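Participant: Just so you know, the sequences run in chain order A and B. Quick note: the first sequence, position 128, residue 128 per our numbering, numbers continuous. Quick note: the second sequence, position 263, residue 263 per our numbering, numbers continuous.
Calculated directly from the structure, the hints in this document are not laboratory data. The model shown is predicted, which means the values in this text are computed figures rather than measured ones. Incorrect hints may have been included.
[What the hints assert, rightly or not] Here are some chain B residues pointing at chain A (derived, C-beta under 10 Å): (1) Q5; (2) M31; (3) G34; (4) L38; (5) L41; (6) V51; (7) G55; (8) S59; (9) D103; (10) R107; (11) A189.
[Stated by the list, open to error] Subject to a maximum C-alpha distance of 30 Å in a straight line, what follows is the list of computed DSS-like cross-link-like pairs (lysine-lysine): (12) A:K30 with B:K174; (13) A:K30 with A:K3; (14) B:K88 with B:K174; (15) B:K29 with A:K3; (16) B:K277 with B:K174; (17) B:K277 with B:K88.
[Said to hold, decoys possible] Computed spacing ranges between beta-carbons, pair by pair: (18) B:R145 with A:S123: 44 to 52 Å; (19) B:S254 with A:G140: 30 to 38 Å; (20) B:H265 with A:L129: 24 to 32 Å; (21) B:G162 with A:D16: 52 to 60 Å.
Glycine is no exception: its CB is placed at the ideal position from the N, C-alpha and C atoms.
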Amino acid sequence: MTKIELTVDGAAVSDDVEPRMLLVQYLREKLGKTGTVIGCDTSNCGACTVHLDGTSVKSCNVLAVQANGRTVTTIEGLADAAEGELHPVQEAFRECHGLQCGFCTPGMIMQAVDLLAENPHPSEEEVRLGMEGNLCRCTGYHNIVKSVLHAAGQNEGATA
Amino acid sequence: MIPVQFDYLAPTSVEEALAALGEHGDDAKIMAGGQSLLPVLRMRLNAPEVVIDLGGISSLRGIRDDGDALVIGAMTTHHDVRDDSLVKEHALLLSKAAAEVADSQIRHRGTFGGALAHADPAGDLGAPALALGAQFVIAGPGGTRTVEAADFFVDLFETAIGDDEILVEVRIPKHTGWGAHYEKFVRVAHQWPIVAIAATVKGSIDEARVGLTNMGSTPLRATATEQALAGASATEDGVREAAQLAAEGTNPPSDLNGAADYRQHLARVLTGRAVLKAAGA
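So here's chain A without its partners, still in its complex pose (with noise of 0.2 Å):
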C-alpha cells in the first residue's frame, strides 16, 4: 500500500492505495464520487475524464498514486453546489439538449471545460478537433458541438 494525500473537488483526502488502483476506482470505490464513469476502461471513450492539477486527462490511465499531492477535480465539484447553480457548460448541455443517454456526459462537460480554457472563443471545427477524445453514441456529437459553442456565448445553437 501507498499513502496519498490529494485535493478531490475542494476537499483533502488521505489514503492507503495499492498502487494498480486508478484513479478512476479511487474517484468512485473510495471517495464515492459515482459521477465519474467508467465507459470503455482502454483509455479511449472519455467518459472518465476529470482535471488534474486543472488540465484534462482520462481518470482510468492515471494511477491514484500519480495523483499524490495534486489537485483533482471531478463533474461533482465543477459547480457550486451550495448555490444550487450549474456549471455554465453544465448549464449549456442542458439548454442545448448536448445529451440523450447520458453517459458520456460527464466527460463530455469536463472536457468542454478544459477546451473553453485554453480556448474561450473556439470554432465549430476546433470545438469538434478539441473533443475528438470523448465518444459518445446516442448523438452524433451535432448537440454536443452545439453545447460547447452555446457555453462559448456563440448562441446559434440555442434554439436546439
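Add chain B to chain A, keeping to what the hints say.
Facilitator: Positioned in the frame of chain A, the structure of chain B alone reads:
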C-alpha cells in the same frame, strides 16, 4: 480491467531512478506519462513487479535553447511541446506532430521521451524526430551517452536504450524558420495513423526532410524524396515526382487498416500533400 499488483517507486532524481532500475532489473518497468504503459498493464500484456515512475523528476521536464539545438526533457508533455514558442520557431515539425498525438487528455499526460522510448511504429513522434536528426541523450550507470536518431530506433517497440538506462533528453538540431506539416491518415479521429508523413522544408523548396510513420517496423526517412525535392518548386507538378519516391525501399505492415501496397500508395499521395502544406503552398 486492473493491472496485476506491483510495487511503486517514485524517484526524485535520475540517479535514484537509475539505482532503482539497477536493483530491480528485468522485473522493473519505467513509467513516463503512462499513457501507453497503463493500457498495457490493464490488459495484462505486461506484468512488471516494480513500476518506476519518473513523474517526480522535475529536471526531466522543459525545453531549453542550447546554441544550435533545442533540448527537450524526456518528461515534457505533448501538450507543452505543441505550444512551446522555441519549438515553433526552431522545430515547427515537432509542434505540428505533437498536436496530432492521440487526443487532448492523452497529450496532457503523455510525454515526448516516453513516446519515443516506447517506439511504437505507429507513434507520431518517431518520424519527425528522425527527419530532424534528433540526438537521444541516454543516462546509465556509467554516465550519459548520445545516440543518433538513425541508430536509436532498432525494431518494433525496440530502441537503443539499454535495460539499465533511461532516456533523459532529446537534442533537436535547429531548423529555424523551416515550414512544416504532419499529414496523418486515420480511420477514426484520435487513433494511431495508418500512415503519416512528417515533412519540413526550407524555403519553397531549397531543402526538405521527410519522415514516414507506420511504413515499417521503425520510423523511416524518405531520402530519395528529400534529394528530389532539393530545388523543386512548391507546386503539385513540382513535387509529384519526388513524392512518387516516398515508398521506395519500405516494407510496411499489412493489417485490418490496409495492405502493404495500399500503405505505399498512401505514402506517395500523403507525401505530396505534406510537402506542399509544409511549403505553405
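Participant: Now look at each hint and say whether the structure bears it out.
Facilitator: Hint check results:
no.	hint	verdict
1	Q5	6 Å, holds
2	M31	8 Å, holds
3	G34	7 Å, holds
4	L38	5 Å, holds
5	L41	8 Å, holds
6	V51	7 Å, holds
7	G55	6 Å, holds
8	S59	18 Å, violated
9	D103	3 Å, holds
10	R107	9 Å, holds
11	A189	4 Å, holds
12	A:K30 with B:K174	49 Å, violated
13	A:K30 with A:K3	13 Å, holds
14	B:K88 with B:K174	11 Å, holds
15	B:K29 with A:K3	21 Å, holds
16	B:K277 with B:K174	20 Å, holds
17	B:K277 with B:K88	16 Å, holds
18	B:R145 with A:S123: 44 to 52 Å	46 Å, holds
19	B:S254 with A:G140: 30 to 38 Å	33 Å, holds
20	B:H265 with A:L129: 24 to 32 Å	26 Å, holds
21	B:G162 with A:D16: 52 to 60 Å	35 Å, violated
Checked against the numbered hints given earlier, this structure breaks hints 8, 12, 21; the rest are met.
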